[in-house]
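Visitor: Below, each chain spelled out in residue letters.
Protein chains: 2
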Amino acid sequence: MTVSLENNAPHKVVIIGGGFGGLYAAKALKKANVDVTLIDKRNFHLFQPLLYQVATGTLSPSDISAPLRSVFSKSKNTKVLLGEVNNIDVKAQQVILGDELISYDTLIIATGANHYYFGKDHWKEFAPGLKTVEDAIEMRRRIFGAFEAAEKETDPEKRRAFLTFVIVGGGPTGVELAGAIAELAYKTLKEDFRSINTSDAKILLLQGGTRVLPHIAPELSQAAEESLQKLGVVIHTSTRVKNIEDDIVTFKQDNELIKILTKTILWAAGVQGSAMGKILAESTSVECDHTGRVIVEPNLTIEGHNNIFVIGDLANFSHQNGKVLPGVAPVAKQQGEYVGKLIKRRLQGLTLPDFHYNDVGSLAMIGQNLAVVDLGLIKLTGFIAWVFWLLVHIYFLIEFDTKLLIVFQWAWNYITRNRRSRLITGRADFLEAKTVN
Amino acid sequence: MTVSLENNAPHKVVIIGGGFGGLYAAKALKKANVDVTLIDKRNFHLFQPLLYQVATGTLSPSDISAPLRSVFSKSKNTKVLLGEVNNIDVKAQQVILGDELISYDTLIIATGANHYYFGKDHWKEFAPGLKTVEDAIEMRRRIFGAFEAAEKETDPEKRRAFLTFVIVGGGPTGVELAGAIAELAYKTLKEDFRSINTSDAKILLLQGGTRVLPHIAPELSQAAEESLQKLGVVIHTSTRVKNIEDDIVTFKQDNELIKILTKTILWAAGVQGSAMGKILAESTSVECDHTGRVIVEPNLTIEGHNNIFVIGDLANFSHQNGKVLPGVAPVAKQQGEYVGKLIKRRLQGLTLPDFHYNDVGSLAMIGQNLAVVDLGLIKLTGFIAWVFWLLVHIYFLIEFDTKLLIVFQWAWNYITRNRRSRLITGRADFLEAKTVN
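Chains as they are written, first to last, in the working numbering: chain A, 7 to 443; chain B, 7 to 443.
Isolated chain A (complex conformation) (with noise of 0.2 Å):
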């Protein structure tokens, strides 16, 4: 049990959550004279938005991925804590960790979201999503061993269905692993079996909007949607996912009700608050939306507590032009640095204007060559989106930890069009059980 008595103690800033969001308020926080304890499950940092590149074989977990108290090696005010909280004790001041009380006196929440199977959660063992590493090794393991099953299999119609892959959601993860599982099929793989022709796979992407990426303008939708289409994937706009069982996808578009028969169901669509927005929900008076967001004030405290944030994906900041945020790194990091920065003016006696978000635009890569970017007045596609997006990622990853390796690496797999990272690892039954059925 720590609790601090002294006056002069500095002040003690606990931060849950070492996503983009709790990565860049501690960041912000290095250099002032506060106590910065930063909780996580993981012992490292994930960069989530290449973790598709993982699941489709061409990075692996580590590339992605910082230790958290490597980053924060130098920063002696901080002091990382692996483990779960159970609960906020907001009277008290303290976190519940285990059986350990963490005192603070500001509190910064940034546990992101967890996927949301709109009240389905049935579905989920038969079509994984994509927030972890293990999901990731998971959707791996799931996508290389249906070809591998597709290889040993001898009746048409189940070898059909293990080169199905079907991925529901058409937002930027969608977009990318349907792009990254076209490569896969129609130029990586292409010489490496014997008995199927990898090119006889099929990959559909649905989408319940009309158009994928309904978050960037309409023309880039379009831009993107013909790429997918010239790589090979089936897109299916306006429909509406009925069933998932283990083998089979039923959609709905327009009023025909369509059974795909498929091996690989890949889940990018809905995601929810995590469970930390519900436990503050029930401590304070504070209200979630639909989805499990916490809703947040225009400095990103929460109502009636002026010392207590929520940042990122978990938080639902409708501020700026009525629109909620999205939940995207950017939006995590730049709510991450302005809090830091709040904490420590507040120190000061002083404060800052409410949170704005520089909107730096959006992009999705589609495949090799092929991205597109909306920066607003800019908007590029093709192979200039795709240097442009690079470079971008490359930028953002050199910022954390894993450096110039990272570079040599892409540029390497690019070259070689080689997927070094397709190991099937994990589970070793995944070819009985899919084979069963």
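Be a bit skeptical, because a hint or two may be false.
Same chains, same names: a pair is fine if it fits in one copy or spans any two.
Stated by the list, open to error - Derived pair list, reagent style DSSO-like, types lysine-lysine, alpha-carbon separation capped at 30 Å:
(1) K385 with K97
(2) K80 with K248
(3) K47 with K137
(4) K47 with K130
(5) K37 with K47
(6) K284 with K208
(7) K208 with K82
(8) K164 with K193
Don't read these hints as lab results, they were simulated from the structure.
For this one, chain A is given, so just place chain B on it according to the hints.
Guide: Frame of chain A; chain B shown alone:
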């Protein structure tokens, strides 16, 4: 079911196992007029000699793995099959893979070795060994998880147990693990924790024989022991492990029973031939030695079956100086190449002289700038041995697939002393599981 009854069909070679033996046998047959089927449980070849670097957070699994399909992508006579062989029908000349029968004219068995706990299989749970990627990730989880748990632990005795690492076995793997953990505790992680001093860690290496690395020259064992001690490793030779429980290792030394309280026990002691040896012994008259290795003829076939070869760690080959060849990569590689060549000769109605192992020497890495190399006449220690070790491994790695990338990654890691790949993944319960006791 694949049965060829045609007379002019190419000679069918089935290889079970994609380790060094199987891989190099298949490579030797690349351009021959044979049909090669390479069967492995995994979809990748693993460079096992560097597995300890994954276990200690320097390399990622995919840095030391090559997808088998990509290795043989251009060898159109080679088919890679993913699966586990259940049995061999020697009379029908068929391998049974699930519900599939695969016919062979020549069979090469190269399924390697597993851990051997001297009949105490229940020790396995408390003292994992290091043979697979999953083993390495489990070791990594335990090693880094122990430091994390120590950081949270307030009871001094328990904290000491978390900071005590016991490695059972003083062969190359044990020595390399001990050295790497010492570098982690005393160098890499030194600045990363706030409650513990990682320099308080104790690393014990238990060796049954009178010296570590018994397969190399005594003066090099001496040098290795001195290097390890300089790094901070405590070496106990002439010990006999009597019991392994969850938190306690009991061993006998000089008739004294010593109990060590520890949360991390790593097994690098015994190995035994894989299950395929037993299967073979049941279907033929071949004999296995006491560690389950198959006793082979001078040309690596088995008695009474001129078309069945056993190579690599599974083979007991004692026709050279009466000593059994050790289970190391160069032996497996040379045996694979020999068998591939012999098959090609036989197709021409010729044969080859008996297999002869060309001893390339032994080497072990102890730490940064520290290694021992025994080339017979030439013996190296310290920095020059380390450079030699590095060059040899880079050469071997370049030969199969991961090429230049690894060189860069290594250089990077050694320049920055950074362990990027220290992710704790897989089970999320390590803290709970560890702190309960």
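Visitor: It remains to establish, for every hint, whether it holds in the given structure.
Guide: Quick rundown of the hints versus the structure:
Within a single copy, K385 and K97 get their C-alpha atoms no closer than 50 Å, and across copies no closer than 69 Å, so neither meets the 30 Å cut-off. With identical chains, the CA atoms of K80 and K248 are never at most 30 Å apart, being 52 Å at best within one copy and 43 Å at best between copies. In this assembly of identical chains, the alpha carbons of K47 and K137 lie at most 30 Å apart whether taken from the same copy (14 Å) or from different copies (28 Å). Taking identical chains as interchangeable, the C-alpha atoms of K47 and K130 lie at most 30 Å apart whether they share a chain (21 Å) or sit on different chains (27 Å).
In the homo-oligomer, the alpha carbons of K37 and K47 lie at most 30 Å apart inside one protomer (25 Å), although the nearest pairing across protomers, at 52 Å, exceeds that limit. In this homomeric assembly, K284 and K208 never come within 30 Å of each other (Cα to Cα): the closest approach is 40 Å inside a single copy and 43 Å across copies. Proximity of K208 to K82 under the C-alpha cut-off of 30 Å is restricted to the inter-copy arrangement: shortest distance 25 Å between copies versus 53 Å within a copy. Taking identical chains as interchangeable, the C-alpha atoms of K164 and K193 lie at most 30 Å apart only when both belong to the same chain, with a minimum of 23 Å there against 54 Å between chains.
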